Amino acid sequence: MQRFLSHYYWSDMHRKITIKALTLVFLLVSIATFANDDKKSKGKETHQTEKTKEQREKEVEEYIPHHLLDSHDFSLFSYTSDEGEHVYIGFPLPVILWDDGLKVFMSSKFHHGETIAQVGDSHYKLDHGKIYKTDTAGTITYDADHHATNVKPLDFSITKNVFTVMFVALLMFLLFSRMAKAYNNNGSMPKGMGRLLEPIVLYIRDDIAKPNIGEKHYKRYMSYLLTVFFFIWIINLFGLTPLGVNVTNNIAITFCLAILTYILTTFTAKKDYWKHIFWMPGVPVPMKFILMPIELLGTIIKPFSLMIRLYANITAGHIVLMSILGMIFIAQNWLGGSLSFVLAMVLGILELLVAALQAYIFTMLSALYFGAAVEEHDHH
Amino acid sequence: MDKLIQDFSIGLFFWQLILFVGLVLLLKKFAWKPILGAVNEREEGIKTALASAEDAKKEMQNLNASNEQLLKDARAERDALMKDARDIKDKMIADAKEETKEITAKLIENAQASIVQEKQAALAELKKQVAELSIGIAETVIKKELASKDDQLKLVEEILKEVTLK
Chain A
10 MQRFLSHYYW SDMHRKITIK ALTLVFLLVS IATFANDDKK SKGKETHQTE KTKEQREKEV
70 EEYIPHHLLD SHDFSLFSYT SDEGEHVYIG FPLPVILWDD GLKVFMSSKF HHGETIAQVG
130 DSHYKLDHGK IYKTDTAGTI TYDADHHATN VKPLDFSITK NVFTVMFVAL LMFLLFSRMA
190 KAYNNNGSMP KGMGRLLEPI VLYIRDDIAK PNIGEKHYKR YMSYLLTVFF FIWIINLFGL
250 TPLGVNVTNN IAITFCLAIL TYILTTFTAK KDYWKHIFWM PGVPVPMKFI LMPIELLGTI
310 IKPFSLMIRL YANITAGHIV LMSILGMIFI AQNWLGGSLS FVLAMVLGIL ELLVAALQAY
370 IFTMLSALYF GAAVEEHDHH
Chain B
134 MDKLIQDFSI GLFFWQLILF VGLVLLLKKF AWKPILGAVN EREEGIKTAL ASAEDAKKEM
194 QNLNASNEQL LKDARAERDA LMKDARDIKD KMIADAKEET KEITAKLIEN AQASIVQEKQ
254 AALAELKKQV AELSIGIAET VIKKELASKD DQLKLVEEIL KEVTLK
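Protein chains in written order, with the working numbering: chain A, 10 to 389; chain B, 134 to 299.
Don't take each hint at face value.
To be verified - 30 Å max Cα-Cα, derived DSSO-like pairs, lysine-lysine:
no.	chain 1	residue 1	chain 2	residue 2
1	B	166	A	228
2	B	294	A	228
3	B	261	A	200
What the hints assert, rightly or not - If you want a taste of the chain B side facing chain A, the calculated C-beta under 10 Å gives, among others:
no.	residue
4	164
5	169
6	171
7	175
Rather than coming from a laboratory, the hints here were simulated on the basis of the structure. Keep in mind it's a predicted model, so treat the numbers as computed, not measured. From the three backbone atoms N, C-alpha and C, an ideal C-beta is built for every residue, glycine too.
Given only the sequences and the hints, what does the whole structure look like? Please build it.
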């Protein structure tokens, strides 16, 4: 007993120390960031006198789409030093390319797109967040639509977004597996974070899964629904932090989630579901032929709308928020600045709501599609 | 649309697919199943506890009802017993009275019989004494005969008169 207690005590202490250490690291990083901020503002003072309003507008305009893009390194921000060179705060991420064999190197080789990375005999250059194969000089040719015509190697890099997804996945795993363990040790009662998360889990079960899928089949889809809800919600919230990560505004991410919903719907569907698509009961025969392609198209449009809805909502939110924030730098007077600040604040609160709302809608509609797939029409 | 297709990153899709499916499977095993299981277990526990409480309440009510019934029965039995007892008492009294009457009548009868008997015995005694007296008289008469015949006769007549008178 004594041994057990001391073991428990030590593991608890260890945990507390880990948490404290993490908090300390965060504090240090933020202090360092502030210190850098000071330098940044000092450096800018000399530059800003030279910049006209048009130049600032152009800078903001260029910055917004850049922020929305994925990147090959995790940079928190960059500034121009007193000597006029760009300084980036952040860390590089591994680049993984498939171009006649696997090529792995750190993104620091690109120097934020300023230099050409040479791996073996191949040369790569970063252009607008994408990696192109170039010659030794690093020339990139553009076609009439301003698209680069260089060869694009298959890029499986751990980009900023992939890194964030990994981080969120790890976070979710730790959070929920610990929550599950607390139930075992606490006699089926939630503890700590579980008390906050359990009502949400129960809400998804009782108000999303059960009414839409039905008491009989809902259990099969619970894991997916819960994971997708918390994943979208948490990653949306991360998008609102000043870390500058922005995952759900990538069509690849929303496409992936939507296609999983589509696959689950299609492969768990019952006979009735297909019957209603290919041979709608209760309508005249010619109508059955007309309804068939419409229904078939509907199965694809449903997940497609899921994909576009999430992508468009998050992208739009970020663009508007960034634009209003940008207006502070363009206006540079107390009226415009404070007005933009208030607007950005209100919009930020709205975006917090949207972050949860989009997660809810995605989960809700997925449940609805699953429900249609397993629905049993007893009344026919 | 063109921009969307342009922006589509196969790498990001690939990683998201692997990471997300992995996350779903891992969470299913290590989080969702235990969590939902525990929640279900708790809910079932509450449900059964409530049901058993309801049962206990019903049983209590039944018990109360049967208690009351028992009390009622007991009271009825008591009343019946009391009634029986009273009846028996009344009967006993009545019987005793009857018996007493009979016995008294018998005693009276016996007494009367013995009175008659005694009377007859007394009469017999009297007759015996009268006879003895007669004999005595006769003796005296006989003794007197020696003196005078006339006197003798006179005496007899007198005695007889006396006896007859008596």
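Query - Restraint check, 10 Å cut-off on beta carbons, for residue 164/B near chain A - result: holds (3 Å)
**Report entry** Interface hint outcome for residue 175/B [beta carbon to chain A under 10 Å]
**Finding:** holds (4 Å)
**Report entry** Agreement of residue 294/B and residue 228/A with the hint, judged by alpha carbon distance not exceeding 30 Å
**Finding:** violated (148 Å)
Query raised in the report: For the pair supplied as a hint, residue 166/B and residue 228/A, is the alpha-carbon distance within the 30 Å limit?
Result: Roughly 10 Å separates the two Cα atoms, so the pair holds.
Query raised in the report: Per the CB criterion, is residue 169/B less than 10 Å away from chain A?
Result: At about 6 Å, which falls below the 10 Å cut-off, the nearest Cβ of chain A leaves the hint on residue 169/B intact, so it holds.
Query raised in the report: Taking only the CA atoms, is the gap from residue 261/B to residue 200/A under or equal to 30 Å?
Result: violated (133 Å)
Query raised in the report: Hint check: is the beta carbon of residue 171/B less than 10 Å from a beta carbon of chain A?
Result: Since the shortest Cβ distance to chain A is 4 Å, the answer is holds.
Violated hints for the displayed structure, listed by number in ascending order: 2, 3.
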